[in-house]
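Student: Numbering-wise, UniProt numbering puts 4 at position 4 of the sequence shown, and it's gapless, one number per residue.
A few of these clues could be false.
[What the hints assert, rightly or not] Distance condition first, Cα-Cα at most 20 Å in a straight line; then the derived EDC-like pairs of lysine to aspartate or glutamate:
1) 136 to 79
2) 136 to 92
3) 137 to 101
4) 73 to 84
5) 73 to 116
6) 136 to 96
7) 136 to 104
8) 73 to 50
[What the hints assert, rightly or not] Pairwise CB distance ranges, derived in the manner of DEER restraints:
9) 40 to 7: 23 to 31 Å
10) 52 to 134: 39 to 47 Å
11) 7 to 112: 40 to 48 Å
12) 135 to 32: 24 to 32 Å
13) 90 to 41: 40 to 48 Å
14) 106 to 133: 12 to 20 Å
15) 132 to 80: 29 to 37 Å
16) 48 to 138: 32 to 40 Å
17) 90 to 16: 39 to 47 Å
18) 126 to 77: 19 to 27 Å
19) 49 to 90: 25 to 33 Å
What the hints contain is simulated information worked out from the structure, not anything from laboratory work. Glycine included, C-beta positions come from ideal geometry on N, C-alpha and C.
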Amino acid sequence: MTAVSTDFAQALRDAGLRVTQQRMIVMSVLMESEDHPNADELFARTKVIDGSVSFATVYRTLAALEEAGLIRKLSFEHEPARFEVTPAAEHDHLVDVDTGEVIEIESAEIEQLRRELVERLGYEIISHNTLIRARKKPRS
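Based on the sequences and whatever the hints tell you, model everything.
Tutor: If you want it as structure tokens, here you go:
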């Protein structure tokens, strides 16, 4: 096993999940994804690696990984859910309404402002999910 696959296996064990080839493949595909794939896209990508993986297996694996907190399900209105490995740092998402592209937005300034606003109201942030739906401006 490579160092990366050893890390995946340990993450699964730490989450109380059995280490299976299918779970390792799904985690690997998600880690290597630069986009936020939906279940169909993940299924297609895992089939390239292991042709014996079924859609039901991918779907069940996604549910188990999400429940264990290893991945996050991103639900956008009128679109299939997308998935990402649970990030080390919180970030927001911008969805291009014309192409469906999902872009991660990370900003220390936004995080600080969010914390300050919530603290002013007497709360602490447990989690957040900000979704910005946008359209590219036409070039002038």
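Student: Would the pair residue 136 and residue 92 pass a check requiring their Cα atoms to be no farther apart than 20 Å?
Tutor: holds, 17 Å
Student: I want to verify a distance hint. Is the separation of the beta carbons of residue 49 and residue 90 within 25 to 33 Å?
Tutor: holds, 30 Å
Student: Hey, residue 136 versus residue 104, does the alpha-carbon distance stay inside 20 Å?
Tutor: With Cα atoms ~15 Å apart, residue 136 and residue 104 stay inside 20 Å; holds.
Student: In this structure, is the beta-carbon distance linking residue 40 and residue 7 contained in 23 to 31 Å?
Tutor: holds, 27 Å
Student: Taking the CB of residue 90 and the CB of residue 16, does the distance hold inside 39 to 47 Å?
Tutor: violated, 24 Å
Student: When you take the CB atoms of residue 7 and residue 112, is the distance between them in 40 to 48 Å?
Tutor: Check failed, 31 Å falls outside 40 to 48 Å.
Student: For the pair residue 135 and residue 32, does the Cβ-Cβ distance stay inside 24 to 32 Å?
Tutor: holds, 29 Å
Student: Is 19 to 27 Å a correct range for the gap between the Cβ atoms of residue 126 and residue 77?
Tutor: About 23 Å separates the Cβ atoms of residue 126 and residue 77, which means 19 to 27 Å holds.
Student: Between residue 48 and residue 138, is the Cβ distance one that fits in 32 to 40 Å?
Tutor: Holds - the Cβ-Cβ distance for residue 48 and residue 138, about 37 Å, lies within 32 to 40 Å.
Student: Can the restraint linking residue 136 and residue 96 be considered satisfied, given a maximum Cα separation of 20 Å?
Tutor: Given pair residue 136, residue 96 holds - Cα atoms ~7 Å apart, limit 20 Å.
Student: I want to verify a distance hint. Is the separation of the beta carbons of residue 90 and residue 41 within 40 to 48 Å?
Tutor: violated, 24 Å
Student: Has the given pair, residue 73 with residue 50, been kept, meaning a C-alpha gap of at most 20 Å?
Tutor: Violated, because 23 Å separates the two Cα atoms, which is more than 20 Å.
Comparing the model with each earlier hint shows violations of hints 5, 8, 11, 13, 15 and 17; every other hint is respected.
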